[in-house]
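Engineer: Mind docking chain B on chain A? Use the hints.
There are 2 protein chains.
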Amino acid sequence: MSEVKVIQINESVFAENDREAEIIRQKLTAQGTLFLNVMSSPGSGKTTTLVALINRLKDRLKIGEMDVDIESSLDAQRVADMTGIPSLQIHNGGLCHIDADMTARALLEYDTAGLDLLILENIGNLVCPAEFDTGAHKNVTILSVPEGDNKPLKYPLMYQVSNVVLINKIDTMEYFDFSLEKARERILAMNPKAVLFPISAKTGEGLEAVCSWILTELQNLRN
Amino acid sequence: MSEVKVIQINESVFAENDREAEIIRQKLTAQGTLFLNVMSSPGSGKTTTLVALINRLKDRLKIGEMDVDIESSLDAQRVADMTGIPSLQIHNGGLCHIDADMTARALLEYDTAGLDLLILENIGNLVCPAEFDTGAHKNVTILSVPEGDNKPLKYPLMYQVSNVVLINKIDTMEYFDFSLEKARERILAMNPKAVLFPISAKTGEGLEAVCSWILTELQNLRN
Numbered sequence: 002m003s004e005v006k007v008i009q010i011n012e013s014v015f016a017e018n019d020r021e022a023e024i025i026r027q028k029l030t031a032q033g034t035l036f037l038n039v040m041s042s043p044g045s046g047k048t049t050t051l052v053a054l055i056n057r058l059k060d061r062l063k064i065g066e067m068d069v070d071i072e073s074s075l076d077a078q079r080v081a082d083m084t085g086i087p088s089l090q091i092h093n094g095g096l097c098h099i100d101a102d103m104t105a106r107a108l109l110e111y112d113t114a115g116l117d118l119l120i121l122e123n124i125g126n127l128v129c130p131a132e133f134d135t136g137a138h139k140n141v142t143i144l145s146v147p148e149g150d151n152k153p154l155k156y157p158l159m160y161q162v163s164n165v166v167l168i169n170k171i172d173t174m175e176y177f178d179f180s181l182e183k184a185r186e187r188i189l190a191m192n193p194k195a196v197l198f199p200i201s202a203k204t205g206e207g208l209e210a211v212c213s214w215i216l217t218e219l220q221n222l223r224n
Numbered sequence: 002m003s004e005v006k007v008i009q010i011n012e013s014v015f016a017e018n019d020r021e022a023e024i025i026r027q028k029l030t031a032q033g034t035l036f037l038n039v040m041s042s043p044g045s046g047k048t049t050t051l052v053a054l055i056n057r058l059k060d061r062l063k064i065g066e067m068d069v070d071i072e073s074s075l076d077a078q079r080v081a082d083m084t085g086i087p088s089l090q091i092h093n094g095g096l097c098h099i100d101a102d103m104t105a106r107a108l109l110e111y112d113t114a115g116l117d118l119l120i121l122e123n124i125g126n127l128v129c130p131a132e133f134d135t136g137a138h139k140n141v142t143i144l145s146v147p148e149g150d151n152k153p154l155k156y157p158l159m160y161q162v163s164n165v166v167l168i169n170k171i172d173t174m175e176y177f178d179f180s181l182e183k184a185r186e187r188i189l190a191m192n193p194k195a196v197l198f199p200i201s202a203k204t205g206e207g208l209e210a211v212c213s214w215i216l217t218e219l220q221n222l223r224n
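Chains as they are written, first to last, in our numbering: chain A, 2 to 224; chain B, 2 to 224.
Extracted from the complex, chain A is given alone in its bound form (with noise of 0.2 Å):
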């Protein structure tokens, strides 16, 4: 069992959190570390994702991840214990979301240094993680295809944020009443340059071109 290092943050000191997200994206930009803030609903399968995707990525990629849970650290021993990297836990005391300046806080607890890619498992909600630059170079929202495909028209802000839309669990689409068309329709309604991937992280669909997406942006952030 891998060691899970868990450190309590509660609320932010600095107001200024654009500015300091710059500071953060900079800093890593500089060492070449590509970051990416993964947000998504509870139970969209966002661990199970990052499990899939660091297992297929940590031959080629040096890897470290940070996950923000209200109190419990199941999910970056899970990380942990299912890839072998190491996980920080980081506990918001209770808040929805993680700011800039907690993110900052983190980093000091979290050596970076030599990392090619740095994930941040954000808590799962689709309102207020949206509300916050953490100085990820890219964001990362997960829709699960239980959820419905009318998320996007009910949590706007978080779709027009996101980058990158993983829709994950599509080996259940035969049972759920979910069109990828109405949900891809609705999402580039409201942010044309978003990237979708349909995937599933339990069987493995999808997840090569999410890894080859991820290769393809470090490879920009360093030239």
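Treat each hint with caution, since some may be false.
Given that identical chains are not distinguished, each listed pair holds provided it fits within a single copy or across any two copies.
Derived lysine to any residue pairs resembling SDA-like cross-links, with alpha carbons at most 25 Å apart [unchecked claim]:
{"no.": "1", "residue 1": "Lys203", "residue 2": "Tyr176"}
{"no.": "2", "residue 1": "Lys203", "residue 2": "Asp172"}
{"no.": "3", "residue 1": "Lys194", "residue 2": "Ile71"}
{"no.": "4", "residue 1": "Lys183", "residue 2": "Ser73"}
{"no.": "5", "residue 1": "Lys183", "residue 2": "Arg79"}
Note that these hints are calculated values from the structure, not bench results.
Structural biologist: Chain B only, in chain A's frame:
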């Protein structure tokens, strides 16, 4: 198509949420209206469940429904269209919760006199809504099978404040790694008085038991 009223409520005017919640509760108790606050993740099936329950109960009870969303009116419209009962859409302007003051202001716009049952469909979120007493007599949380049986461990407050937990989408149990026993154990460990109902809003399984619970609670309220 039934008419849906839309009001915009952005921020709480009064700080004393609990006091306001108690005033709402006492008023509704005095007029014999049972008030249920229904919470869950996005996509767990709140609207589908409410439509199914209302259609089962509407010949026996006079029912009203209020729906909170950031800026869309999809859910209130769906409830109104599919049940024929009057529905109020509350737009909360991007907040992740509704509090007692916002509820009180919504009630100024929505006549509850003569209602047996008033249902509040809270915003899809497992963090913020748990923190605010809305004045409801009972809190109901929906946990859907695709979300996983570990959600009670990750969002403990939601399960601590809920009187009833509906385990929804049990018709999809064989496609997901979900243990009803583990979910039950985890919920009862943090809230021994919680009442659990496994249901499928889609197939109707288990819904009669929920209706019976509602009818019993209404009787208790009036005795």
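Engineer: Now tell me, hint by hint, if it's right for this structure.
Structural biologist: Evaluation of the provided hints:
Taking identical chains as interchangeable, the C-alpha atoms of Lys203 and Tyr176 lie at most 25 Å apart whether they share a chain (16 Å) or sit on different chains (11 Å). In the homo-oligomer, the alpha carbons of Lys203 and Asp172 lie at most 25 Å apart both inside one protomer (8 Å) and across protomers (19 Å), since each shortest distance falls under that limit. In this assembly of identical chains, Lys194 and Ile71 lie within 25 Å of each other by CA distance solely across copies; the values are 23 Å between and 32 Å within a copy. Proximity of Lys183 to Ser73 under the C-alpha cut-off of 25 Å is restricted to the inter-copy arrangement: shortest distance 17 Å between copies versus 35 Å within a copy.
For the homomeric pair Lys183 and Arg79, the shortest alpha-carbon distance between copies (17 Å) is at most 25 Å, but the shortest distance inside one copy (33 Å) is not.
In the structure shown, no violation is registered for any of the earlier numbered hints.
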